[in-house]
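Residue strings, one per chain:
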Amino acid sequence: MQSGRKIRVLIAKPGLDSHDRGAKVVARALRDAGMEVIYTGLRQTPEQIVETALQEDVDVIGLSILSGAHMALFPRIMELLKEKGLTDVLVFAGGIIPEEDIPELKKIGIKEVFGPGTPTEKIIKYVFENAPKRA
Amino acid sequence: MFDKQKIEEIAKERERWEKSTLPNWIKQCPERQKEFRNHSGFTIKGLYTPEDVKNLDYMRDLGFPGEYPFTRGLHATMYRGRLWTMRMFAGYGTAEDTNKRFKYLLSEGETGLSTAFDYPTIMGYDSDHPMARGEVGVCGVAISSLQDMEVLFNGIPLDKVTTSMTINGPASVLLAMYIAVGDKQGVPREKLGGTTQNDNLKEFFAQKLCIFPPKPSLKLSVDVIEYCARHLPKWNPISISGYHIREAGATAVQELAFTLYDGIAYVEETLKRGLKVDEFAPRLSFFFASHNDFFEEIAKFRAARRLWARIMKERFHAKNPRSMWMRMHVQTSGCTLTAQQPLNNIVRTTIQALAAVLGGTQSLHTNSFDEALCLPTEESVRVALRTQQIIAYESGVANTVDPLAGSYYVEALTNEMEEKAMEYIQKIDDMGGVIPAIEKGFFQKEIAESAYRYQKEIEEKKRILVGVNEYAIEGEECPVKLLRVDPSVEKKQVERLQKLKRERDNRKVKEVLEKLHYAAERDENLMPTIIEAVKAYATLGEIMDILRKVYGEYKELIII
Amino acid sequence: MSRVEELVKGVLAGEKRSIAKAITIVENNQEEAQRLIALIYPHTGKAHVIGLTGPGGAGKSTLIEKMIKEYRRRGKTVGVVAVDPTSPFTGGAFLGDRIRMQELSTDEGVFIRSMATRNNPGGIAKATKDAVKILDAAGKDVIIVETVGAGQSEVEIVKVAQTIIVMHAPGLGDEIQAIKAGLMEIADIFVVNKADRENSDKAVMDIQAMLQLDEREKAWNPPIVKTVALTGEGVPQLLEKIEEHRQFLQKELLHKKSWEKAEAELIEAIRDKVTSSIIEKLKRERRFEKVLQQIVNREIDPATAAEKLLNQELE
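In the order they appear, the protein sequences are chains C, P and G. Mapped onto our numbering, the consecutive letters of the first sequence carry residue numbers 1 to 135. Mapped onto our numbering, the consecutive letters of the second sequence carry residue numbers 1001 to 1560. Mapped onto our numbering, the consecutive letters of the third sequence carry residue numbers 2001 to 2315.
Same shape as in the complex, but just chain C (with noise of 0.2 Å):
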């Protein structure tokens, strides 16, 4: 990393559901892993995460659901994204979302799904390895 440059990740909670417990705790283990995280707070729309992610231009997009709802929402998100010219950032999903789900949501862009149970050790280290190296 450039020194003074920060890995900047937005954590963004699409949608009605309103457990963040999770979403917290992730923004939390990634600050003290030395990262800049934004939260949204809850009930996104897709529309304004996006938004968000422009203005903040972040590095990462990390969307936490687990209301049953990502395969309505998720789509939009990786649309605007791309129409917002935003196809660089890294997204990655958690919650509570299907085994076989993922392939689907891999296929529209989400490049990886951190079920329950997963350690946030291994969501920082894929942070670290995955967000894009920008100059």
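Careful, some of the hints might be misleading.
[Stated by the list, open to error] Okay, derived cross-link-like pairs now, DSBU-like style, lysine-lysine, Cα gap no bigger than 30 Å in a straight line:
no., chain 1, residue 1, chain 2, residue 2
1, G, Lys2241, P, Lys1555
2, G, Lys2241, C, Lys6
3, P, Lys1491, C, Lys107
4, G, Lys2241, G, Lys2069
5, G, Lys2069, C, Lys84
6, G, Lys2290, P, Lys1555
[Unchecked claim] Computed list of chain G residues with no C-beta within reach of chain C, every gap over 12 Å:
no., residue
7, Met2001
8, Ala2013
9, Gln2102
10, Arg2113
11, Glu2156
12, Asn2199
13, Asp2201
14, Arg2216
15, Lys2226
16, Ser2258
17, Ala2264
18, Glu2268
19, Ile2279
20, Thr2304
[To be verified] Pairwise CB distance ranges, derived in the manner of DEER restraints:
no., chain 1, residue 1, chain 2, residue 2, range
21, P, Glu1457, C, Glu100, 26 to 34 Å
22, C, Glu47, G, Arg2073, 15 to 23 Å
23, P, Glu1457, G, Gly2045, 51 to 59 Å
24, P, Gln1389, C, Gly117, 27 to 35 Å
For the record, the hints were derived by calculation from the structure and aren't laboratory data. Backbone N, C-alpha and C define an ideal beta-carbon position, used for all residues, glycine too.
Dock chains P and G against the given chain C, drawing on the hints supplied.
Showing chains P and G alone in chain C's frame:
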């Protein structure tokens, strides 16, 4: 309870044992950990003796079941007379789907209904609202109008069942709909029995389903308490909840303390309306989690009963013993379920359910083993129900009251639980009460810290999660069939809503919504007007929009 | 066209992606940053920059949200820079201020950026100042810089602004002590939030008392505005006071303040350039290490060592 001299003798012998027998044994076989702590952080000793409970006074601290301080149970015979209610949380898809699931569960032996609503309903949005996109019927049943409610309880006589509804911000609306269904069925309102969760305070730091700011949210909760005290004598207007506080990451003692404090706040607010404490307190109910540490949970339930009884007697001067009853519903802990090796969850749920029963709960929900993956299937929810039935009929634990009373460990733990909870209660009192504490972020900080610490303990293997950080299976495949909600549910709901809006008397709806707006601005109890509105088939969203206009919407304080 | 030139073109057109990328550059990259600022500097000086600071829990983010809404109602465009502290232990930061403003993130006329202090002495104030310049050049009418008024660097940050609002709320604990001495002196407007509380009047009186203790001749008497950020009450009045201050500055002090700011920035820039170039040269020539060893051996003290090095340098 113990002779002072005998205690001294035991103490002397215990010292001897600690100096001779114990170290010899430890040399051969060292203890597995440097120290043992429960979830609340209490140090667990290797051995408990009468010394640990030497100040226990049977009549003062335990008493007899059915009598103050109710530590041993609310009723004299407890489960010998009547088993706890087996009340399984259920709901998904359309009202038809859930009606089917209700009937299935009743036929399999559950003894009470419990309704899970979908996120749009919980947040006061109709199924056709833009925020509802992708969420309709996905994690609960979609209810947008009285019409849906009528379908939900089709063929279910409301004078023969009790129904719990997990709904908070819009609780008054859903209760109004339930009342309207009862009216239509010809059931007298005094016979309607059930519970609305209606605990808006905990939303601000636990379940996070807050719609309005703290003050109006509290008002709406108390509206329901007041209305039921006067008009619905069999209804539990509120289920003061610790479950969500625990699930958000709190420890057992935090769960206990914060829940009791919310209870204190609701009592204080309701008293301000001019009601006497004995007029409404008997119908206050509580909702706790049952987590992994078996004895900690049992101690928590017993301490809860004793503490609440003391609070009602000493702080609020209740005279009616029923006002001092802590009637509780318990749910086994969702956050302890693992996605890995899901069948293990049956074992976890069993231990947690057993703790709830030994803790003397009035009502119990057991989680299904696949709930870390999706909503329960018919097969998995049946196993969860059977778990309760096996405990009830085969294990023998229900055949005597409060069997663990007198255990040195359990009584010591119960005492410590009560003591530590009281410290928290004092702290919140010093802060000026629950709303100042929420605004200062006190609960949020405590919970975030506990949640983070728990995660760290798991990652450092100080806390073992079988199948996850120990005994895991590399490259495990999901062995179970998952419940998927049909995506056409959303379309169906939207069509139904549009049809309703075309066919109802829209002039009447407009009139009653204006009436509601007026009543809300004048700070009246909104229940009667809301009942009128739902009967005119105003939708949930339309009613909640009026309230959003009057009260504003809430943005949370974030503490990680 | 180089990358920087492309971005500057975008910034001047108010294009959000370019603004975002430009701010990232000034936060991280020394070389390109200077070039970028050089290109946009002629286009700055139009926006009204407001600094908002105060203890945590006073309701700053909630108030900003209402201020933005009111400015938007009046047809103004708004930029926000929300600054949060970097953890001195981990180097990371949790940037949560925009949560209260999220509804506005999809408003075309609003741009919100969260920045961490990154614990660079003098460094953050520079990056924030540069971010403000970028938003200024992008055409924002009003720019609000939000920080927690706790430490010394926060006072620095607030000097980026023309109108400085110091915010307080009753019940935050040690009432007026919570407003550090430095902040009391630089405030142009005081806001007492949560004015619907019983003890809000006391908070107002406390501030008035402290102001009276300050016997200096003042051309501008800082008004105290009461607000209820949750409902937006008091916000139109606050905007009126801000506008009054802006006009006051234009008449009286804007020139003087601009002059002072320019001087401070020039001196800082010279200091940065001089120290970095000299130290780099010294390090390259190994004299640095030799002298370090002497200091560690207690043969010479740091100040005398610096003098020696510089004198050798200047010879």
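Evaluated hints:
For the proposed pair G/Lys2241 and P/Lys1555, the alpha carbon gap of about 27 Å is at most 30 Å, so the pair holds. This hinted pair does not check out: G/Lys2241 and C/Lys6 have alpha carbons roughly 38 Å apart, beyond 30 Å. Annotation: proposed proximity of P/Lys1491 to C/Lys107 holds, straight-line Cα distance about 26 Å (limit 30 Å). As the CA atoms of G/Lys2241 and G/Lys2069 are separated by approximately 17 Å, the hinted pair is consistent with the 30 Å bound.
Distance restraint check for G/Lys2069 and C/Lys84: the Cα-Cα separation of roughly 25 Å lies within the 30 Å cut-off, and the hinted pair is therefore satisfied. As the CA atoms of G/Lys2290 and P/Lys1555 are separated by approximately 58 Å, the hinted pair breaks the 30 Å bound. The claim that G/Met2001 lies off the interface holds: its Cβ sits roughly 16 Å from the closest Cβ of chain C, which is beyond the 12 Å cut-off. Look at G/Ala2013: its CB is around 15 Å from the nearest CB on chain C, clear of 12 Å, so calling it non-interface holds up.
Look at G/Gln2102: its CB is around 6 Å from the nearest CB on chain C, not clear of 12 Å, so calling it non-interface is violated. Under the 12 Å C-beta cut-off, the non-interface status given to G/Arg2113 relative to chain C is violated; the minimum distance is some 6 Å. Distance to chain C confirms G/Glu2156 as a non-interface residue, since its nearest Cβ pair spans about 18 Å, more than 12 Å. Interface exclusion of G/Asn2199 from chain C stands, the closest Cβ pair being 29 Å apart, more than 12 Å.
The Cβ of G/Asp2201 lies farther than 12 Å from every Cβ of chain C, with a closest approach of about 32 Å, so its non-interface assignment holds. Listed as a non-interface residue, G/Arg2216 keeps its Cβ farther than 12 Å from every Cβ of chain C; the least gap is roughly 40 Å. A cut-off of 12 Å between C-beta atoms confirms that G/Lys2226 is not in contact with chain C; the least separation is 27 Å. For G/Ser2258, the shortest C-beta to C-beta distance to chain C comes to about 28 Å, beyond the 12 Å cut-off, and the non-interface label holds.
With a least CB separation of 22 Å from chain C, G/Ala2264 remains clear of the 12 Å interface cut-off, as annotated. With a closest Cβ-Cβ approach of about 17 Å to chain C, G/Glu2268 is found to remain outside the 12 Å limit, as its non-interface label requires. Non-interface status of G/Ile2279 relative to chain C is upheld: no Cβ of that chain comes within 12 Å, the nearest being about 15 Å off. Listed as a non-interface residue, G/Thr2304 keeps its Cβ farther than 12 Å from every Cβ of chain C; the least gap is roughly 30 Å.
Distance hint for P/Glu1457 and C/Glu100: a CB-CB separation of about 31 Å, consistent with the stated range 26 to 34 Å. Checking the proposed 15 to 23 Å range against C/Glu47 and G/Arg2073 shows it holds: the Cβ atoms sit about 21 Å from each other. At roughly 55 Å, the beta carbons of P/Glu1457 and G/Gly2045 sit within the given window of 51 to 59 Å. Checked against the given bound of 27 to 35 Å, the beta carbons of P/Gln1389 and C/Gly117, roughly 30 Å apart, stay inside it.
Violated hints, in rising order: 2, 6, 9 and 10; the structure is consistent with all others.
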